[in-house]
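Trainee: Sequence:
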Amino acid sequence: MPSLPQPSAEALDQSNRLTALLQSEIRAAGGWMPFSRYMELALYAPGLGYYSGGARKFGPGGDFITAPELTPLFGQALAGQVEQVMQVSAMQVIEVGAGTGLLAADLLLELERRGALPLSYGILELSAELRERQFDTLAQRAPHLAARVQWLDTLPAQFSGVVVANEVLDVMPVHLVVSRADGVFERGVVLTESEDGAVFRWGDSPAEGAVLEAARALELPAPAEGEYLTEINLAGQAWMASWADRLQQGAMLLIDYGYPRAEYYLPSRSNGTLLCYYRHHAHADPFLWPGLNDITEFVDFTAMAEAAYDAGLEVLGYTSQAQFLFNCGVLDCLARRGPEGSADYVRAARAAQRLTTPQEMGELFKVLAVGRGIDVPLLGFARGDRLHTL
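So the sequence shown is residues 1 to 390, counted in full-length UniProt numbering.
Honestly, the hints are just simulated from the structure, not real lab data.
Wrong hints could be hidden among the right ones.
[Claimed, not checked] Each pair of labels, with its calculated beta carbon distance range:
| hint | residue 1 | residue 2 | range |
| --- | --- | --- | --- |
| 1 | 158 | 6 | 46 to 52 Å |
| 2 | 312 | 213 | 16 to 22 Å |
| 3 | 219 | 350 | 42 to 48 Å |
These figures come from a predicted structure and were not determined experimentally.
Beta carbons: idealized from backbone N, C-alpha and C, even for Gly.
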């Protein structure tokens, strides 16, 4: 593990309180907690979890940088796809998990430039601290448009328009599954008592129910020796399916890092994809300072598309982030930044390169579109190399 910066005393106090909560729940459950529950509390426990505890998460002063933090070009290009879907459905947008609010501001400003402002822009955000940051960002960057934005506590019962979810699926709690020669197990969290107090450690239990059924459907490798560890995102699949009863007409645009199933469960990927982030350092220990680290996993896009399709939605497109942004006109957005030799253009071009080159975000990130009642080919998937299939 790389050497990590030390948390402040205040941050450690928050982590210690969350640790006590986790330990109490493990003991109450008989000594074993599925990792999905541990991840849920570590990220979302009210007032203590990573996304609900108030620490800075995004940008240079946080733990990671998302595409909207890099450059407005991301939102400006995405606006082309949002505009097209709104024109054939309804002039409404919901953004799920809006981060600092930069994507909302960039989308609204670009849609205004295009003469295609939505009548309403809803943000579904569970974190009170992030809601405040989003409000401040919109007030600073697009004050004349802020009144169009409403914060939502729950998903709407019915909706038509565009749903945008950038880096949302990767932080939904996952089940950890272990395939061994002697069967399929679910990996959870147990406690080991020591002189210094209880310590989290891994503990396996025979998989059962929906977890076992999902693992069997994947036909995971079962090594003669050792084990094959991976993640199954049942929460993400349920969330995708839940939109089938809500989305009357329109499309969901899901942008995240991940693979189709054929690449996700390769025999060589025997340690899974789970990662933690702390102050721009990636590491593999979710038990370190609970509540202070982001915990994330790559997305199985095949599973997400199947969940939506099985629930009654259509799969409208799937491609790399690079191809999607090129199709949506990111180079045209870049050209508007001024002369090619200007400092502003050079900075923007470097950011666009990070968004689109295969070695950076261009291939690692994918875009999935699902929806209902959309009869035109979507702009972001109109051209491509046909290498990206579900």
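Trainee: Look at each hint and say if it fits the structure.
Mentor: Quick rundown of the hints versus the structure:
1. 158 / 6: 46 to 52 Å: At roughly 49 Å between Cβ atoms, residue 6 and residue 158 fall inside 46 to 52 Å, so the hint holds.
2. 312 / 213: 16 to 22 Å: holds (21 Å)
3. 219 / 350: 42 to 48 Å: Hint holds: Cβ distance 43 Å, inside 42 to 48 Å.
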